[in-house]
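J.: Below, each chain spelled out in residue letters.
There are 2 protein chains.
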Amino acid sequence: MEREPTRIMVAVNESTIKGYPNASISSRGAFEWTLQKIVRSNTSGFKLIFLHVQVPDEDGFDDTDSIYASPDDFKIMERKDRARGLHLLEYFVTRCHEIGVSCEAWIKQGDPKEVICHEVKRVQPDFLVVGSRGLGPFQRVFVGTVSEFCVKHAECPVLTIKRSADEAPQDPVDD
Amino acid sequence: MEREPTRIMVAVNESTIKGYPNASISSRGAFEWTLQKIVRSNTSGFKLIFLHVQVPDEDGFDDTDSIYASPDDFKIMERKDRARGLHLLEYFVTRCHEIGVSCEAWIKQGDPKEVICHEVKRVQPDFLVVGSRGLGPFQRVFVGTVSEFCVKHAECPVLTIKRSADEAPQDPVDD
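Chains as they are written, first to last, in the UniProt record's numbering: chain A, 1 to 175; chain B, 1 to 175.
Incorrect hints may appear among the rest.
Where chains are identical, the list cannot tell them apart; a pair therefore holds if satisfied intra-copy or between any two copies.
Only pairs whose alpha carbons sit at most 20 Å apart, straight line, appear in this in silico SDA-like list of lysine to any residue [stated by the list, open to error]: (1) K121 with C103; (2) K47 with W33; (3) K18 with E104; (4) K80 with R40; (5) K108 with Y20; (6) K108 with P21; (7) K47 with Y20.
Just so you know, the hints here were simulated from the structure itself, not pulled from any lab data.
Pulled out of the complex, with its shape left as it was, chain A reads as follows:
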């Protein structure tokens, strides 16, 4: 009898250029790479756990064409944000179903790097996959990266997948 599947947590986020529901280049790249190079034909040997962390907007206003006039409007906005996150995850879940890999998907709110490490502790995946934009040393000083934090602090092995050069947009901060 085959052992329990290897549980891979994959952190995914939205594109900084195209926004929701599009996944970032590095998320999609890391996901496809994992299927091709790790899962391969052994689809029953793995389970993917997608985690999307939404960063709460500082002022709560990101829809410039909307008017928030009552507390209910804010609740609607929260539901909309959640719906966008679901659409992002739908892409990954649909792809898994197509190729027959079991999966689950989670949306959480907060600081991505902190939430990812917290969820690793809670869910205890066998390892964590994080895409990285591969920022240069200059950007790294100011931006830091989620992947670097996770490699140091996540309580499981971490697979860091840099975006390949031919996928990178001109401005490395775009993704």
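Once you've looked at the hints, dock chain B against the given chain A.
T.: Here is chain B on its own, set in the frame of chain A:
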């Protein structure tokens, strides 16, 4: 027909406590973890490429009970060093043969982090596995780690596997 196997480069080093030919706790841990969680039953889907980098001794004298009186003595020592590296690799290669995973093994000389990244560029594995001693923030400042360097600079995805807490010796620098 099955595609080409996924080529995994695994960086391995000797134990700082027991010395050659014993592999470090983190090397053995990373290797066994890779077999159990990635390769699983799909032994024909993967090829392991072991890389052991030997750090040249600063003064060339590490055998305190030996006398080096002629150039030939140094050549003998070099061969001895090489033989030790081979014995270290033998452990990993033997284990692969037992379970039917194809592999190859390399010994190189130099600064491990630089050599590993150089070999990644040359051999172009699908990803690199590095064990990490999981040093605390205090040690990290002074020591740096091979794994951190590789995550940033290696031109392929990098899987960092920290030594688990129950395998760690009292002094985190021992391995």
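J.: With reference to the structure, classify each hint as holding or not holding.
T.: Evaluation of the provided hints:
1. Taking the closest pair of Cα atoms, K121 and C103 come within 20 Å of each other only inside a single copy of the chain (19 Å); across copies the shortest separation is 33 Å, beyond that limit.
2. In this homomeric assembly, K47 and W33 come within 20 Å of each other (Cα to Cα) both inside a single copy, at 15 Å, and across copies, at 17 Å.
3. Taking identical chains as interchangeable, the C-alpha atoms of K18 and E104 are never at most 20 Å apart, the minima being 25 Å within one chain and 44 Å between chains.
4. In the homo-oligomer, the alpha carbons of K80 and R40 never lie at most 20 Å apart, since the shortest distance is 36 Å inside one protomer and 41 Å across protomers.
5. For a Cα distance limit of 20 Å, the shortest separation of K108 from Y20 inside one copy, 16 Å, qualifies, whereas the shortest one across copies, 47 Å, does not.
6. For the identical chains of this complex, K108 and P21 are intra-copy neighbours only, at 16 Å inside a copy versus 47 Å across copies, given an alpha-carbon limit of 20 Å.
7. Taking the shortest alpha-carbon separations for K47 and Y20, neither the intra-copy value of 25 Å nor the inter-copy value of 38 Å comes in at or below 20 Å.
Hints 3, 4 and 7 from the list above are not met by this structure, while the remaining hints are.
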